[in-house]
Each structure stands twice: as C-alpha cells, then as structure tokens.
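> These are the residues of each chain, in order.
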Amino acid sequence: MEFISNELALLHGLAKSDTASIEKIYKDNYSMIQSLVLNNNGSADDAADIFQETMIVLYDKSRSSDFELNCKLKTYIYSISRRLWLKKLQQNQRTTNIYDNSEDIVAVEDELDIHEKKNNEFVIMEEALAKVGEPCKTLLEEFYIHKKQMQEIAEIFGYTNADNAKTQKYKCLVRLKKLFFQQYKNI
Amino acid sequence: MDEQELLSTVEKFFRGEMTAEEEKFFQDLRNSNPELDQTVVEHLYFLNELSSFTERKRFKEDIQHIANHLIQSGEIDNTAVKSESKVVFLWKKYKRTMAVAASIAGIVSIVIAGMNSTLSTGKQNNIKPLVDKIHQQENKTRQIENKINQLAAARNENTKPRVNSNFRATGFLIDADHNYIITNAHVVKEAKNQLVIENSKGDQYYAAPIYVNDLSDIAILQVTDTSFKKLHSFPYVLKKSSADLGEQVFMLGYPKQEIVYGEGYVSARNGFQMDTIFYQLSTSANEGTSGSPVINRHGELVGIISSKETNAEGVVFAIKSENITSAISEVKKLEGHKNIQFTSIPGLKGIDRVTQIKKVQDYVFMIKGN
Numbered sequence: 003m004e005f006i007s008n009e010l011a012l013l014h015g016l017a018k019s020d021t022a023s024i025e026k027i028y029k030d031n032y033s034m035i036q037s038l039v040l041n042n043n044g045s046a047d048d049a050a051d052i053f054q055e056t057m058i059v060l061y062d063k064s065r066s067s068d069f070e071l072n073c074k075l076k077t078y079i080y081s082i083s084r085r086l087w088l089k090k091l092q093q094n095q096r097t098t099n100i101y102d103n104s105e106d107i108v109a110v111e112d113e114l115d116i117h118e119k120k121n122n123e124f125v126i127m128e129e130a131l132a133k134v135g136e137p138c139k140t141l142l143e144e145f146y147i148h149k150k151q152m153q154e155i156a157e158i159f160g161y162t163n164a165d166n167a168k169t170q171k172y173k174c175l176v177r178l179k180k181l182f183f184q185q186y187k188n189i
Numbered sequence: 069m070d071e072q073e074l075l076s077t078v079e080k081f082f083r084g085e086m087t088a089e090e091e092k093f094f095q096d097l098r099n100s101n102p103e104l105d106q107t108v109v110e111h112l113y114f115l116n117e118l119s120s121f122t123e124r125k126r127f128k129e130d131i132q133h134i135a136n137h138l139i140q141s142g143e144i145d146n147t148a149v150k151s152e153s154k155v156v157f158l159w160k161k162y163k164r165t166m167a168v169a170a171s172i173a174g175i176v177s178i179v180i181a182g183m184n185s186t187l188s189t190g191k192q193n194n195i196k197p198l199v200d201k202i203h204q205q206e207n208k209t210r211q212i213e214n215k216i217n218q219l220a221a222a223r224n225e226n227t228k229p230r231v232n233s234n235f236r237a238t239g240f241l242i243d244a245d246h247n248y249i250i251t252n253a254h255v256v257k258e259a260k261n262q263l264v265i266e267n268s269k270g271d272q273y274y275a276a277p278i279y280v281n282d283l284s285d286i287a288i289l290q291v292t293d294t295s296f297k298k299l300h301s302f303p304y305v306l307k308k309s310s311a312d313l314g315e316q317v318f319m320l321g322y323p324k325q326e327i328v329y330g331e332g333y334v335s336a337r338n339g340f341q342m343d344t345i346f347y348q349l350s351t352s353a354n355e356g357t358s359g360s361p362v363i364n365r366h367g368e369l370v371g372i373i374s375s376k377e378t379n380a381e382g383v384v385f386a387i388k389s390e391n392i393t394s395a396i397s398e399v400k401k402l403e404g405h406k407n408i409q410f411t412s413i414p415g416l417k418g419i420d421r422v423t424q425i426k427k428v429q430d431y432v433f434m435i436k437g438n
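From first to last, the protein sequence lines stand for chains A and B. Position in the first sequence (first residue = 1) + 2 = the numbering used here. Position in the second sequence (first residue = 1) + 68 = the numbering used here.
Just so you know, the hints here were simulated from the structure itself, not pulled from any lab data. A few of these clues could be false.
[Stated by the list, open to error] Interface residues of chain A toward chain B, partial, derived using beta-carbon atoms under 8 angstroms:
| no. | residue |
| --- | --- |
| 1 | 24 |
| 2 | 32 |
| 3 | 33 |
| 4 | 34 |
| 5 | 69 |
| 6 | 70 |
| 7 | 74 |
| 8 | 91 |
| 9 | 124 |
| 10 | 129 |
| 11 | 146 |
| 12 | 150 |
| 13 | 157 |
| 14 | 161 |
| 15 | 175 |
| 16 | 179 |
[Unchecked claim] Okay, derived cross-link-like pairs now, BS3-like style, lysine-lysine, Cα gap no bigger than 30 angstroms in a straight line:
| no. | chain 1 | residue 1 | chain 2 | residue 2 |
| --- | --- | --- | --- | --- |
| 17 | A | 149 | A | 89 |
| 18 | A | 150 | B | 80 |
| 19 | B | 125 | B | 308 |
| 20 | B | 128 | A | 29 |
| 21 | A | 133 | B | 427 |
| 22 | B | 298 | A | 76 |
| 23 | B | 125 | A | 149 |
| 24 | A | 74 | A | 89 |
| 25 | B | 80 | A | 139 |
| 26 | A | 74 | B | 298 |
| 27 | A | 120 | A | 168 |
| 28 | A | 180 | B | 128 |
| 29 | B | 406 | B | 324 |
| 30 | B | 80 | A | 18 |
| 31 | A | 89 | B | 125 |
| 32 | B | 257 | A | 173 |
| 33 | B | 125 | A | 26 |
| 34 | B | 269 | B | 298 |
| 35 | B | 128 | A | 90 |
| 36 | A | 149 | B | 308 |
| 37 | A | 119 | B | 80 |
| 38 | A | 173 | B | 128 |
| 39 | A | 18 | B | 308 |
| 40 | B | 269 | A | 89 |
Bear in mind the structure is a predicted one, so any value in this text is a computation, not a measurement. Built from N, CA and C at the ideal position, the CB exists for glycine as well.
Using the sequences provided together with the hints, build the complete structure.
Structure representation (structure tokens):
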C-alpha cells in the first residue's frame, strides 16, 4: 500500500526546512525534472533553477494554513516544474509547447499565481536591500537572515556594545522601510 | 516618539515579545491616536514583508547548500545528457493521445479473475503460453490443495471439499444475526456456479446472492452454510453523512491469501467522471480488494472499495456509505429478508489503529467462487 503518511511527513519536514526532508525530495525528483528541462531546450543550469523554484513553491505551500495534497508528491512536483519551465520558454518565445510523456499532471495555476506575487515582493525587498548600502545591508542580513545575536553583531562591526548596534539596526531598518515603499510605488 | 523608537516598539509587538501590560498600553495608544495607528499598520506590513523575505532567502540558501552537497557526493547527477531524442518524444506524445483514446472506459474493477483471460486468448496469441502456464501452475496448486483436503477429510468427516475458485475478492459482515455480507456486484458476477466466503483461517462457507445492484455496484450475500458459526456484533458503524475531503481512512482486504491493511484519504467527493455514487480515494488498491470496507479513524464505515483508474496511480473509487443504507432497505422488501439489520456495537472510537484492525479483521472475508 502507498505511504501517503510518509509524503505528508516529508512535507511537514520541508515546512520546517528540515535538511533530511529536503534531501529526500531532491533525490527522489531531481532527475525527473532535469530530463524534463533538458529534453525541452533547456540546460543543466536551467534545470537546477527550475527545481529550486519548484522547491520554493512547495515550501510556501507546505507552510500555508490551507495546505492539502490531493495527488502524489511526484505528480505535484512535476506539474509545478512543467508549468514554470513552460512559462520561461514562452517568455523567451522559444516555444509554446512541452513534449513529454507524463499522463498525470494536476492543475497548479493557483499556486503559480501566489508564487508570482510572492516573487515580486521578494524582488522589491531585494532591491531595497541592495540600495540601503553598507554596513546597513550586512547588518540587517546578519540579524534577520542569519539570526545572529545583537552582541555578536556588535563584535563583528566593532560597536562598543549591543545597545549601540541595536540603535544602528533600527536606523538601518527605517531606511530600508523607506526604500521598500519607494520601490513598491515604482512598480 | 520618533520613528526609530516606534519601529522598535512595533517590532517587539510583531515578534510577540511584549508583556500583557505593554501590549495593553500599546493598543490603547493606537486606539487614541489614529495617525500613530496608521504608521503602526505600515510598519507591521513592512515587517511582515521583511519576515517573508528573510524566510525565503534563508530557505533558498538552505536548498542551494543541500543541492551542492548532493551533487558533490554524487547522489544527484547534474550532468545528465539528453536521454531521448525529439523523435522519441513526438512518438511518446502520439502514444499518449492513443492512451487517452483507449481509456474512455478507463477504470477497472479490482477482483482477481484468473480464468477470465481464456475468453480472449484467441485475440492475444502472443501472451497465450504465459497464460497457460499460469493455469498449469494454478491447476497444480489446486490438485495439491484437493489432496490435502481429502487427507483432512479422511481424518475429519465433517470437513467438506474446498471449492475451486477462479477469482478472489473481499466482503464484510453487515448483519451478524442473519449473516449478511456485503461486497461488489461485479464480484458476484464472477461466480457462475458456486459462491463461498472464506475467513482468514481458510474455512469456506457457501453463500447465496440476495441482492445485486449493478448501478451502485453493491451485492448482498447471505451465508447459507449451516456450519458457519455466528459472530458477535461488529464494531464499525455506518457513516450517515458524507465523508470530508482529506478524511483519513483505512481499508482491510484480500489482495492476497492473507488480510492486508491499507490507508489513504478521501481525495474527491465524486468518482470517475463525476459519478456521485462513489468517492475518489488516494491510496493503492490491488486486485482482490474489491469489496473492502473503507473506515475512518472514528470507526465509521465510509464506503466500499470498488474500482481504480487504470491510467493514474493511486486513484481508487469507493461506493459511498449511503448506498449501503439504501441497499439494506431494498433487501428488507424482499420475501424472507425483512429482518436484515445493520446491527453494530460501536467499539472503535478513540482507540489506536492496531486495536481497531484487530477488532475489524474477523468480520472481513474473502469472496471466492467459480
């Protein structure tokens, strides 16, 4: 019998960025997506990008409150990658069709719409962060992305104590916020 | 309050680090000052965006790291060359269209019907030898079985000869007082001469079909064998309402000569081509599981396994429980069967799965015949 509960466990692991779960999903599905891309005018690098983007869609999905999987994980992953690659091909006007032999593909339009919206927001923040300049950029990244403690950050940047680093962090954050809303309006 | 100070306060709130007192003070301040509230909302929006950004950024870094590691260790291969030429893909595309065309009736019932293939051997000469071999093997097994039975009979006068069956499916008890068993209509159709039920110990008892409904694919049998010992009331209850999407279910059936447990979930409210008689389940079902009970975690009978889709893995169809209710009321109208009653003594709620299985398995039988 099928191990549906295993697939769910895998997705719960993914939601927590658990390394073993991510590895398992990569190992089970990477070659499938790679041949899809390679056989449809793509390179190995394209395949790596598409798979990474698929993982992000899956990650967002696994963390959403209304999460539900109504098909096999493999089918779901294939459907997302296929749709992402098709979109890329269409953008470059190379082709408008994908030739493959998969008989089960599920609809993933909703996921892709959400993904696109999140992608846009991600790009806006990324650009704002690029414009905020140093040392703000690194300071914010160390604190928010790498979860470093204020004390550690003070040591790296040479502030005399954690409180000074904290004041600097909020100065940076205010700047980032302004840039973010500027970018936001420009789009 | 300057902007920096406000942002740090809002962040404290966003991260849930405020004490109850602080939070009350903060909310009061927002209530009394609409302008401030406006800024707070803006800050919260920004912090939320920043939080999704950092989360995704971190996840990206994580998977990049993992992918690199897997490539280095050779566990995934990123240098694979094109595996198939375009021509092959065109052919596959074409083949796929063919497959769609061939699957207009793309569901199969899941009952083992070993002898059925003889009907079509004329058309399928290329696989005939293999089919024959299967039959030879089966016949040999049967001869041995018969011999064992004869030996057993010699020792015990009461043992009756076993029925040589050419199919196997599953059924389960729905009335312990009058020994009614439910299975699929398509299963009963396999039995041209004899029909028996067989328990996990291998004891066979004759049964007679009382009710066969092709539309709902339900058949109700009554055990006619006088040697059949009445069982106690079964612990599963009939689910009155429809099952919910995503509802976890389990099944017990006989895809082999031994009871097999399986689990899955309700994946759609309707069956093949929107057939409202059925649910769609996501699980795997093999030949022989036709007629298996589908039970949810509260011990409610949700349906009966009937068929699966041929072109998609893991798509299985189960007859909805309300069809069981109507089948029983149909049987009630029949001469000599007005006493049929789905009498259970509920006993599955709130106990672990292993115990649930133990309590159910004795009521699930193989359906065999020829």
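> Look at each hint and say if it fits the structure.
Structure-based check of all given hints:
no. : hint           : verdict
1   : 24             : 5 angstroms, holds
2   : 32             : 5 angstroms, holds
3   : 33             : 7 angstroms, holds
4   : 34             : 11 angstroms, violated
5   : 69             : 10 angstroms, violated
6   : 70             : 6 angstroms, holds
7   : 74             : 6 angstroms, holds
8   : 91             : 15 angstroms, violated
9   : 124            : 6 angstroms, holds
10  : 129            : 11 angstroms, violated
11  : 146            : 4 angstroms, holds
12  : 150            : 12 angstroms, violated
13  : 157            : 21 angstroms, violated
14  : 161            : 16 angstroms, violated
15  : 175            : 6 angstroms, holds
16  : 179            : 5 angstroms, holds
17  : A/149 to A/89  : 35 angstroms, violated
18  : A/150 to B/80  : 17 angstroms, holds
19  : B/125 to B/308 : 48 angstroms, violated
20  : B/128 to A/29  : 17 angstroms, holds
21  : A/133 to B/427 : 67 angstroms, violated
22  : B/298 to A/76  : 47 angstroms, violated
23  : B/125 to A/149 : 12 angstroms, holds
24  : A/74 to A/89   : 23 angstroms, holds
25  : B/80 to A/139  : 21 angstroms, holds
26  : A/74 to B/298  : 42 angstroms, violated
27  : A/120 to A/168 : 29 angstroms, holds
28  : A/180 to B/128 : 25 angstroms, holds
29  : B/406 to B/324 : 35 angstroms, violated
30  : B/80 to A/18   : 23 angstroms, holds
31  : A/89 to B/125  : 23 angstroms, holds
32  : B/257 to A/173 : 80 angstroms, violated
33  : B/125 to A/26  : 21 angstroms, holds
34  : B/269 to B/298 : 16 angstroms, holds
35  : B/128 to A/90  : 20 angstroms, holds
36  : A/149 to B/308 : 52 angstroms, violated
37  : A/119 to B/80  : 27 angstroms, holds
38  : A/173 to B/128 : 27 angstroms, holds
39  : A/18 to B/308  : 38 angstroms, violated
40  : B/269 to A/89  : 58 angstroms, violated
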